[in-house]
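Chains as they are written, first to last, in numbering that gives the first Met the number 0: chain A, 0 to 284; chain B, 0 to 201.
What the hints contain is simulated information worked out from the structure, not anything from laboratory work. Mixed in with the good hints, there may be bad ones.
[Stated by the list, open to error] So the derived list for chain B, only partly shown, Cβ under 7 Å to chain A, looks like this:
1. P73
2. D74
3. P124
4. A131
5. V135
6. K156
7. G158
8. R185
9. Q186
[To be verified] Okay, the calculated beta carbon distance ranges per label pair:
10. A:G265 <-> B:P91: 43 to 51 Å
11. B:S93 <-> A:Q37: 43 to 51 Å
12. B:D133 <-> A:P262: 30 to 38 Å
13. A:A50 <-> B:N125: 30 to 38 Å
14. B:L23 <-> A:A50: 48 to 56 Å
15. A:W54 <-> B:L23: 53 to 61 Å
16. B:G151 <-> A:A159: 33 to 41 Å
17. A:S167 <-> B:D55: 44 to 52 Å
18. B:H120 <-> A:V75: 39 to 47 Å
19. A:L253 <-> B:H141: 40 to 48 Å
20. B:D133 <-> A:A180: 32 to 40 Å
21. A:H241 <-> B:P91: 39 to 47 Å
[To be verified] A partial selection of chain A residues facing chain B, derived with a Cβ cut-off under 8 Å:
22. F70
23. A71
24. L234
25. V240
26. N245
For each residue, glycine too, the CB sits at the ideal point set by N, CA and C.
So you can see what is in the structure, the chains are spelled out below.
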Amino acid sequence: MGRGAWEPAPCPMPHAPWLLAMQWWCAATGFPWTWTWQWYPGVHLLLILLAFGWWRLGSAQHWVARPWGWFAVAWVTLLATLDWPIGKLGAGYLASIHTLQFLLLTLLVGPALLRSIPPEGWRALAPDGSATARFLRMMARPLPGLLAYTALVITTHFPAVVDSAMTSQLGSLSIDLAWLAAGLILWWPIAAPRGFVVLGVWGTIGYVFGATIGPTVPAMMMVFADWPIYQLYELAPRVWVHFTANQDMKLAGLGMKMFGDIPLWGVATYVFFSGNSMQGELVDG
Amino acid sequence: MTRYAALLLVAGALACHGKADAPLSAHGFVGAELAAPVSKPDLEFTDSRGKAFHFDSATADKVTLVFFGYTSCPDICPVHLANLAAVLDKMPDSVQTHVAVVFVTTDPARDTPAVIDQWVHGFDPNFIGLTASDSVITRAQHEMQLDPAIKGAVDAKGGYPVGHAAAVIAFTRDGKGRVAYLPGTRQRDWAHDLPLLVAYGK
C-alpha cells in the first residue's frame with residue numbers, strides 16, 4: 000500500500016448520502032482488484048427496466064411470437080458485460096476487458112436487441128409517414144450509419160475521453176450506453192425489417208467493409224503505440240502481477256481488430272455467397 | 000467521408016501524442032527534483048540470491064532507481080516495476096547499461112530472498128531485489144528522507160498490508176538522490192527522464 004512523504008495529502012471525502020456514496024455502476028476506483036463479488040444496483044436496475052419494457056412492448060403490440068431467444072441473448076450478454084467481474088475489470092483495470100465489453104455490446108447485444116423486436120413490432124413503433132419511420136429509414140442508409148458508428152467508436156476510445164470518463168460512474172455509464180447505441184446503429188442498416196433497408200448485396204458488403212475501418216484507428220493506436228495510451232489502465236493496480244499494462248494494451252488492440260472484424264466479414268461472406276442482402280433476415284427470421 | 004476520416008485520424012493522433020505533459024523541473028525532469036540531494040546509504044543488504052549487497056559500492060556510477068515496497072503489495076509496487084521494466088526494454092544500450100533498478104522489501108518477514116527473487120525477476124531479470132533486517136531497512140528509508148514503512152493490522156488469514164513510501168528515488172551517477180517519482184508516473188515520463196538521469200553531470 001503506497002504511502003509516503005512524497006505524496007500529496009489525500010482529498011478529504013465530503014459527506015455524501017448513502018445513495019450517492021454507493022457504487023451504482025462499475026467505474027474506476029483505483030483500489031486493488033479483488034475477486035470478491037460486488038453488487039452494482041444500477042446495472043441490475045437497467046436490466047430489469049429493459050426486460051419490463053420489452054415485455055410491455057410485446058403485450059401492447061400483441062406480437063404473434065415473442066423472440067425470446069434473441070432477447071435472452073441480448074439480456075444475458077448485457078448482464079455479463081456490464082456487471083461484476085467483466086464490468087468492473089473493464090471499467091478500471093484492464094484495457095483488454097474494456098475492449099471485450101466493446102465487442103460484446105456492439106457485435107452481439109446490438110443485433111440481438113434489434114432481433115428481439117419482431118417486424119410487426121418495428122412497423123408499429125414506426126408507422127409509415129411518421130417521424131420515427133423517417134428517422135429509422137435515414138439510419139438504415141449506409142452513410143449515416145457508418146458516420147455515426149465510426150464517430151462513436153473513435154470518440155469513445157480517445158485516451159482523454161477514456162481517462163476522464165471511466166473514473167466516474169456517470170462517465171462509465173455513458174461509455175457503455177454509447178457502445179450499445181453504436182451496436183444498434185451499426186446493425187440497423189443490415190438487420191432492419193423490409194421497408195426500412197436500402198442496401199443490396201454489394202451495398203451490404205461495402206457497408207460492412209466500411210464498418211471495419213473505424214475500430215482500426217484505436218486498435219492500431221493500441222498495438223503500435225510506444226507507451227500505453229490510457230493512463231487509467233497503465234496506472235491501475237494489476238489484476239495479475241506480471242500481466243503488464245503494455246501486454247494488456249496490445250492484447251486489447253489485437254482483440255479489437257481480430258475479433259471485431261470476424262462477425263462483419265462473416266456477414267459479407269454470407270451475403271456474397273448467398274447472393275442476397277441480409278435485409279429483413281435477422282428481423283424477419 | 001475521406002475528409003471526415005482524416006479529421007478523426009488527426010484528432011486521434013493529437014489525443015495520443017506521447018510527450019510528457021507535466022511541467023518540468025529545473026533540470027528538465029518530469030519527476031520532482033528534491034530540494035536538497037540525498038546521499039546513497041552506506042548500508043549492507045542481502046540480495047535475492049542470498050549474497051551480501053553493499054548498496055553504495057554495488058551501484059557505483061549507475062543511475063540507481065530505488066523503491067521500497069513488498070511483494071504482496073496490491074497496487075503501486077507492481078505498477079512501478081512493470082512500467083520501469085517496459086521502458087528500460089525500449090531504451091538504447093547507452094541508457095540501459097547505466098541504470099540499476101533496486102527493490103528493497105519493507106516486509107522482510109514474508110519476503111524471503113527466494114520470494115523476492117521470483118517476484119522481482121518476473122518483471123526484469125536485471126532488477127535487483129534486496130532485503131535486510133528491519134533496522135537496516137528503516138535506516139535506509141530515513142537516509143533517503145522517506146517515511147518508514149508501517150505494518151498494518153493482521154487479518155483473519157494472517158495477511159497484512161504494509162504502508163510504505165510510494166515514490167521511486169532516482170540517484171544520478173554521482174551517487175546523489177536528486178529526483179522523486181511519485182505514484183502516477185507514466186512510462187512516457189520515465190522514457191523522457193531516464194536519458195537525462197544517465198547524462199546528468201556527465
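Each hint, compared with the structure:
1. P73: 3 Å, holds
2. D74: Nearest chain A Cβ about 4 Å off; hint holds.
3. P124: With a minimum Cβ separation of about 13 Å from chain A (threshold 7 Å), the hint on P124 (chain B) is violated.
4. A131: Hint on A131 (chain B): violated, closest Cβ of chain A at ~19 Å, above 7 Å.
5. V135: At about 19 Å, which exceeds the 7 Å cut-off, the nearest Cβ of chain A leaves the hint on V135 (chain B) violated.
6. K156: 13 Å, violated
7. G158: 12 Å, violated
8. R185: Where the cut-off is 7 Å and the nearest Cβ of chain A is about 6 Å from R185 (chain B), the hint holds.
9. Q186: This hint holds: Q186 (chain B) lies near chain A, its Cβ roughly 4 Å from the closest one there, short of 7 Å.
10. A:G265 <-> B:P91: 43 to 51 Å: 45 Å, holds
11. B:S93 <-> A:Q37: 43 to 51 Å: 48 Å, holds
12. B:D133 <-> A:P262: 30 to 38 Å: 58 Å, violated
13. A:A50 <-> B:N125: 30 to 38 Å: 55 Å, violated
14. B:L23 <-> A:A50: 48 to 56 Å: With a Cβ separation near 54 Å, L23 (chain B) and A50 (chain A) satisfy 48 to 56 Å, so the hint holds.
15. A:W54 <-> B:L23: 53 to 61 Å: Cβ of W54 (chain A) to Cβ of L23 (chain B): about 60 Å, so the range 53 to 61 Å holds.
16. B:G151 <-> A:A159: 33 to 41 Å: With a Cβ separation near 36 Å, G151 (chain B) and A159 (chain A) satisfy 33 to 41 Å, so the hint holds.
17. A:S167 <-> B:D55: 44 to 52 Å: 47 Å, holds
18. B:H120 <-> A:V75: 39 to 47 Å: 42 Å, holds
19. A:L253 <-> B:H141: 40 to 48 Å: 47 Å, holds
20. B:D133 <-> A:A180: 32 to 40 Å: At 57 Å between Cβs, range violated.
21. A:H241 <-> B:P91: 39 to 47 Å: 25 Å, violated
22. F70: 34 Å, violated
23. A71: Constraint on A71 (chain A) not satisfied, violated at 36 Å.
24. L234: Holds: closest Cβ of chain B sits about 6 Å from L234 (chain A), inside 8 Å.
25. V240: 5 Å, holds
26. N245: At about 5 Å, which falls below the 8 Å cut-off, the nearest Cβ of chain B leaves the hint on N245 (chain A) intact, so it holds.
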